[in-house]
Amino acid sequence: MLSEQVQAKIEHELKKYPADQKQSAVMAALRFVQDEKGWISSDDMADVAIYLGMPKMAVYEVATFYHMYKLQPMGQHTLTVCTNLSCQLMGSNETLDYIKSKLGIGLNEVTADGKFGLREAECMGACIDAPLMTVNNRRLCARLTPEKIDRILTKLSAGGELASGEENVR
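So the sequence shown is numbered by my numbering: it starts at 825 and just counts up by one.
Hints are computed from structural coordinates only; laboratory data are not their basis.
Keep in mind that the hints are not guaranteed to be accurate.
What the hints assert, rightly or not - Straight line, CA to CA, 30 Å or less: simulated DSBU-like cross-link-like pairs of lysine-lysine:
hint: 1; residue 1: 926; residue 2: 880
hint: 2; residue 1: 840; residue 2: 861
hint: 3; residue 1: 939; residue 2: 924
hint: 4; residue 1: 939; residue 2: 979
hint: 5; residue 1: 924; residue 2: 972
hint: 6; residue 1: 939; residue 2: 861
Model the full assembly from the supplied sequences, consistent with the hints where possible.
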């Protein structure tokens with residue numbers, strides 16, 4: 825069941841759309857659930873579908889299409905590396921391999937301490953700054969090098985957050 829806080833946020837979002845277009849708020853509803861719980865379960869998707877009066881499959885299709893939604897717990901800091909062709913040409917495979925070796929995990933895995941999860945994504949729309957990754961879908965880190973990755977991981981491991989403009993964030 826959706827919490828009262830999530831329901832209130834969805835209700836606020838619904839004011840932006842015609843009354844007969846409640847499904848227009850599905851992306852925001854999924855984000856609200858994820859912000860509250862850290863990820864989105866199948867039960868959460870079903871609850872969103874019921875709340876918005878839409879088929880469960882339609883909510884599932886949205887949640888699985890966009891890389892910003894986490895469908896399993898992914899740790900305190902979710903690192904999402906773009907692996908689309910443009911980023912691959914600029915070294916995203918090497919970037920991904922470096923992060924895997926530094927964290928000792930593979931894709932869709934979480935470190936033993938629960939601090940980091942690693943995912944891949946299709947195009948992030950900033951090809952000029954490849955290779956790219958996001959931290960918790962909130963901070964875009966661009967033109968990654970092993971040194972930049974080390975600085976990012978060190979700061980996040982110590983409990984810090986990346987400041988705006990840090991590490992070629994655009």
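Checked hints:
1. Taking the CA atoms of residue 926 and residue 880, the gap is near 38 Å; set against the 30 Å cutoff, the hint is violated.
2. Note on residue 840 and residue 861: the hinted pairing holds, with a Cα-Cα distance of about 24 Å set against a maximum of 30 Å.
3. About 14 Å separates the Cα atoms of residue 939 and residue 924, which keeps this hinted pair within 30 Å; it holds.
4. At roughly 12 Å between alpha-carbon atoms, residue 939 and residue 979 fall within 30 Å of each other, so this suggested pair holds.
5. As the CA atoms of residue 924 and residue 972 are separated by approximately 15 Å, the hinted pair is consistent with the 30 Å bound.
6. Taken as a hint, the residue 939 and residue 861 pair is honoured in the structure, with Cα atoms around 16 Å apart against an allowance of 30 Å.
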